[in-house]
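Could you slot chain B onto chain A? The hints should help.
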Amino acid sequence: MKNLRFNALIHAPKRLHICAMLSASGELEFKLLREQLDVSDSVLSKHIKSLQEAGYVGVAKRRDFGHRRTWLSLTSAGRDAYTEHVKELREMVG
Amino acid sequence: MTDENQITTAEAQSALESLNKIGNETISSLRPPLWFITITSLLCGILTFSLAVAEHENSWGLGVWLSGIAVVLLVLFWMYSARLLGVRAPLLPPSGSGKVFLALQTLFFAVVVFVGREATVAGRPETRLEGAFPIADLPLAPYIAAVIVSLSVAYLTYKYPTNEWVQQDASK
Chain A
1 MKNLRFNALI HAPKRLHICA MLSASGELEF KLLREQLDVS DSVLSKHIKS LQEAGYVGVA
61 KRRDFGHRRT WLSLTSAGRD AYTEHVKELR EMVG
Chain B
1 MTDENQITTA EAQSALESLN KIGNETISSL RPPLWFITIT SLLCGILTFS LAVAEHENSW
61 GLGVWLSGIA VVLLVLFWMY SARLLGVRAP LLPPSGSGKV FLALQTLFFA VVVFVGREAT
121 VAGRPETRLE GAFPIADLPL APYIAAVIVS LSVAYLTYKY PTNEWVQQDA SK
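If you're matching them up, the sequences are chains A and B in order.
The first sequence: position 43 = 43 (the numbering used here), numbered continuously.
The second sequence: position 99 = 99 (the numbering used here), numbered continuously.
Bound-form chain A, shown alone (with noise of 0.2 angstroms):
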């Protein structure tokens, strides 16, 4: 057992998840986002929310195609916090 500074909000399985995927890519829809995860609309929205509140997770809504759709990033901040966490992961691990 070592002490290790990381992040509780991104260690979560399903934000460790969230924070993966939206760090391999640019932005991504919540329905694409939600299938991924297999989870309900709501459980995603709480996730969200909560990233969303921390800084770690950008929400554009934005008509496409005729549809009202909803775009999710990691801004900086949370391409930071997500990049420090698995570095910090890594180093535990050795």
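None of these hints come from the bench; they were simulated from the model.
One or more hints might be untrue.
Think about it this way: if two alpha-carbon atoms lie no more than 27 angstroms apart in a straight line, the pair counts; the simulated DSSO-like pairs of lysine-lysine are [unchecked claim]:
#1 B:LYS21 / A:LYS46
#2 B:LYS159 / A:LYS46
#3 A:LYS46 / A:LYS14
#4 A:LYS14 / A:LYS87
#5 A:LYS87 / B:LYS21
#6 A:LYS14 / B:LYS159
#7 B:LYS159 / B:LYS21
#8 B:LYS159 / A:LYS31
#9 B:LYS21 / B:LYS99
#10 B:LYS21 / A:LYS49
#11 A:LYS87 / A:LYS49
#12 B:LYS21 / A:LYS14
#13 A:LYS87 / B:LYS159
#14 A:LYS14 / A:LYS31
#15 B:LYS99 / A:LYS87
#16 A:LYS49 / B:LYS159
Computed from a predicted structure; not experimentally measured.
Here is chain B on its own, set in the frame of chain A:
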């Protein structure tokens, strides 16, 4: 929102393995279809070859335009399709590592195209300058440059479809 916590090495290892799996799944889900990768890489090879051998007296200049336009149209088509599927791929990666990765790719392709062109020009009988270019005697230069560009484009599009530098084995 950071917190000091205690986790075991095994838990950290497990989290990294999970990230590795997610990373690979994300790359797979965002990867363009193989037909797209094949056609794009072949067109990039033709573009490189055309750039190397184009002269006023031949029609390879047309090859440059046609293959260039075809590559741009294919990329726009893929961006449109990806957007319909729920992925917006920016032209410039948002992360710093992604921008560095893109800059290195650009530099690599620029060097290959430049060397391919220079070697071809320096090897022509009318412009031949003995010893002016180390690979002036390489008649296959445009072919080699085209193959290098084609294979590199195929590999990079397959492994890094979003242009983001993604560690594809996060557990290591």
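Okay, the hints, checked on the actual structure:
Proposed proximity of B:LYS21 and A:LYS46 is supported: the alpha carbons are some 24 angstroms apart, at most 27 angstroms. Between B:LYS159 and A:LYS46 the CA atoms are separated by roughly 32 angstroms; this puts the pair beyond 27 angstroms, and the hint is violated. The straight-line distance between the Cα atoms of A:LYS46 and A:LYS14 is roughly 11 angstroms, inside the 27 angstroms bound, and the hint therefore holds. For a cut-off of 27 angstroms, the pair hint linking A:LYS14 to A:LYS87 stands: about 19 angstroms separates their Cα positions.
As the CA atoms of A:LYS87 and B:LYS21 are separated by approximately 17 angstroms, the hinted pair is consistent with the 27 angstroms bound. A distance of roughly 24 angstroms separates the Cα atoms of A:LYS14 and B:LYS159; the hinted pair therefore holds under the 27 angstroms criterion. The straight-line distance between the Cα atoms of B:LYS159 and B:LYS21 is roughly 14 angstroms, inside the 27 angstroms bound, and the hint therefore holds. For a cut-off of 27 angstroms, the pair hint linking B:LYS159 to A:LYS31 stands: about 24 angstroms separates their Cα positions.
For the proposed pair B:LYS21 and B:LYS99, the alpha carbon gap of about 24 angstroms is at most 27 angstroms, so the pair holds. The straight-line distance between the Cα atoms of B:LYS21 and A:LYS49 is roughly 25 angstroms, inside the 27 angstroms bound, and the hint therefore holds. This hinted pair checks out: A:LYS87 and A:LYS49 have alpha carbons roughly 25 angstroms apart, not beyond 27 angstroms. Using a Cα cut-off of 27 angstroms, the hinted pair B:LYS21 and A:LYS14 holds, with the two alpha carbons roughly 13 angstroms apart.
Between A:LYS87 and B:LYS159 the alpha-carbon distance is near 22 angstroms, which keeps this suggested pair within the 27 angstroms criterion. Taken as a hint, the A:LYS14 and A:LYS31 pair is honoured in the structure, with Cα atoms around 15 angstroms apart against an allowance of 27 angstroms. Distance restraint check for B:LYS99 and A:LYS87: the Cα-Cα separation of roughly 19 angstroms lies within the 27 angstroms cut-off, and the hinted pair is therefore satisfied. With a C-alpha separation of about 31 angstroms, the suggested pair A:LYS49 and B:LYS159 falls outside the 27 angstroms cut-off, and the hint is violated.
In terms of the numbered hints stated before, the structure departs from hints 2, 16, listed from lowest to highest.
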